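Colleague: Each chain, written out:
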Amino acid sequence: MKMLVCVKQVPDMESRFKVNSEGVWFEEQDLAFRMNEYDEYAIEQAIRVREQLGGAADITVLSIGPDRVVEAIKKGLAMGGDRGVHIKDEHLYQKDPWQVASVIAAFARDKNFDLVFTGMQSQDRGSAQVGVTVAELLGYACVTTLVGFELSGDIVTARRELEGGIRGIVKLKLPAVVTCQLGLNNPRYPTLPNIMKARQKELLAFPIMDFLTEESAAITERMYPPEKKGRGLVLEGDINETADKLVAILKEKTTVLR
Amino acid sequence: MKALLICEYLQGKLLESTYELLAFADQLGASKVMLLIGSEAQAPKFDGKIYLADAGKFGEYNPDLHKRLVLDTAQKERPDYIVFVHSSFGWDLAPRVASALKAAQVSEIVGVVDGKFEVPSCNAKMRRLLTPKTKQAVLTIQAGAFSYQGQDRGVPQLERVDLAGSTPRVEFIGYEAAEKKAVDLAKAEVIVSAGRGIGKKENVETIAALARALAGELGATRPVVDAGWIEHSRQVGSSGQIVAPKLYVACGISGAIQHIAGMKKSDFVVAINKDKDAPIGEVANVLVVADVMQFVPALTARLQK
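Chains as they are written, first to last, in numbering that gives the first Met the number 0: chain C, 0 to 257; chain X, 0 to 304.
To be clear, the hints were calculated from the coordinates, so they are not data collected in a lab.
Incorrect hints may appear among the rest.
Said to hold, decoys possible - Restricting the straight-line Cα-Cα distance to at most 30 Å, the calculated cross-link-like pairs of lysine-lysine (DSBU-like) are:
hint: 1; chain 1: C; residue 1: 1; chain 2: C; residue 2: 110
hint: 2; chain 1: X; residue 1: 245; chain 2: C; residue 2: 244
hint: 3; chain 1: X; residue 1: 263; chain 2: C; residue 2: 250
hint: 4; chain 1: C; residue 1: 94; chain 2: X; residue 2: 56
hint: 5; chain 1: C; residue 1: 87; chain 2: X; residue 2: 101
hint: 6; chain 1: C; residue 1: 17; chain 2: X; residue 2: 56
hint: 7; chain 1: X; residue 1: 263; chain 2: C; residue 2: 172
hint: 8; chain 1: X; residue 1: 199; chain 2: X; residue 2: 134
hint: 9; chain 1: X; residue 1: 1; chain 2: C; residue 2: 172
hint: 10; chain 1: X; residue 1: 134; chain 2: X; residue 2: 115
hint: 11; chain 1: X; residue 1: 199; chain 2: X; residue 2: 304
hint: 12; chain 1: X; residue 1: 245; chain 2: X; residue 2: 275
As the list claims (entries may be wrong) - Listed below are several chain X residues computed to face chain C (Cβ distance under 7 Å; list not exhaustive):
hint: 13; residue: 122
hint: 14; residue: 127
hint: 15; residue: 133
hint: 16; residue: 152
hint: 17; residue: 154
hint: 18; residue: 285
hint: 19; residue: 296
hint: 20; residue: 298
hint: 21; residue: 303
Given the structure is predicted, the values throughout are model-derived calculations rather than measurements.
Where a beta carbon is used, it is the ideal one built from N, C-alpha and C, also for glycine.
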């Protein structure tokens with residue numbers, strides 16, 4: 000069983016974002032980066048498949064971006080990936096989802112992966128396009144928004160999360176791409192021995208131009224913070240004074256304290 | 000300019016969000032044609048043409064078959080835009096259609112500015128403005144971003160569509176109902192919800208104490224439920240419960256779109272967050288900028304007096 004897990008490194012979403020000098024993306028300096036949260040579930044699920052098969056499986060962890068994304072790949076290897084692939088691109092933010100998917104598909108095309116795992120979306124761009132587009136380009140079956148995954152032979156039984164907590168149950172045959180939703184499993188934390196071991200694992204690097212042949216399909220004109228509208232009162236300062244003020248406001252504006 | 004709008008249909012019913020597609024097309028100034036894979040009885044009340052495929056035959060959602068139905072309809076109508084709601088249906092199907100057409104896709108549109116599409120980024124803390132480069136484009140719109148003001152008593156002209164021989168690769172087995180709700184948050188007058196900003200499971204009790212002091216119910220965001228800190232039946236948001244209490248107190252909640260969709264109709268919202276720029280501030284009547292685990296006990300103590 001050959002598996003590919005695609006991970007993205009994204010900024011911590013608690014960060015303050017400033018628009019960069021080109022005006023189309025955020026300033027990356029001073030931001031802390033981490034693995035896209037959805038992708039942790041993707042790696043965990045691949046590792047569980049390998050455990051289910053008694054180890055008879057191989058997991059490649061791929062990421063595209065500047066050198067900092069090696070940290071995300073290493074985390075994937077410390078969780079249990081077998082090999083890392085870094086597709087180097089200093090300007091990933093300038094690529095659109097169509098280009099990113101085409102690069103992953105170009106890498107994967109001759110490698111006969113049985114299963115490709117991605118997060119259902121990235122936390123920074125959130126287009127939810129890349130995984131499905133990779134499947135279309137490879138001609139693989141695809142299921143998105145996975146909250147349940149069972150493998151039996153070459154058949155996957157998947158649970159998709161639909162609106163209002165309903166789940167749709169579907170079956171599909173490998174090869175397949177699946178995109179993982181939060182809550183699919185409990186991603187493991189890398190242990191210290193596994194972090195050390197990960198350093199010895201194979202890490203391949205390629206320039207993005209080895210795989211990039213497509214032009215972007217959409218242009219980002221600009222990035223900007225949302226207009227502040229309907230913003231209410233902001234209270235800051237001493238905690239006790241603020242709490243007194245809030246109680247007074249609740250008494251005046253709501254009926255719940257009467 | 001013409002827009003092909005793909006209706007939302009689930010468990011035998013047309014979803015209300017379908018009408019948001021009409022609102023979006025109106026805002027674009029596009030002429031409208033629709034595709035419904037569902038039943039005639041559920042056709043939207045729309046004065047225009049609707050292509051109708053039978054959900055009994057093609058399934059409520061089957062990616063391979065539905066892709067072909069959309070592509071066939073696009074072939075006939077040659078729309079400039081093919082528009083879906085950004086839902087479990089739309090975000091799954093849209094990239095398949097876009098790939099087949101080699102068309103640009105713009106996801107989760109919240110606004111139209113001079114013919115360009117505005118989308119959220121970075122957990123709704125930023126916006127981006129996008130322009131498709133391709134002649135045709137596939138679009139998904141954020142649920143709730145466009146509200147339909149038109150009259151819903153139109154009578155559509157239906158044209159039935161079918162597919163010849165096709166073997167889908169994804170087989171639909173069935174639906175699994177949502178977990179039974181042990182707590183009906185929709186009836187609560189006060190809800191105090193915990194987000195990941197509370198830090199750890201042990202801190203849930205502090206938030207629950209505030210809920211008790213306000214005679215309200217404890218709520219939670221999705222990450223807190225996924226982490227196992229609070230049970231799913233208390234989850235507020237698009238994948239949990241939609242609530243509208245008299246008072247909603249958001250503790251350590253940054254304000255993901257999915258959470259805000261579940262609580263924005265509350266009468267009065269208080270948010271307690273250390274980040275002044277957190278998107279929850281956009282829907283809060285009062286934003287308390289403070290460490291939630293220091294502020295909440297101080298507030299609870301005053302309410303218990």
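Colleague: Hint compliance check: list the failing hint numbers for this structure, sorted ascending.
Modeller: 4, 6, 7, 8, 9, 16, 17, 19 and 21
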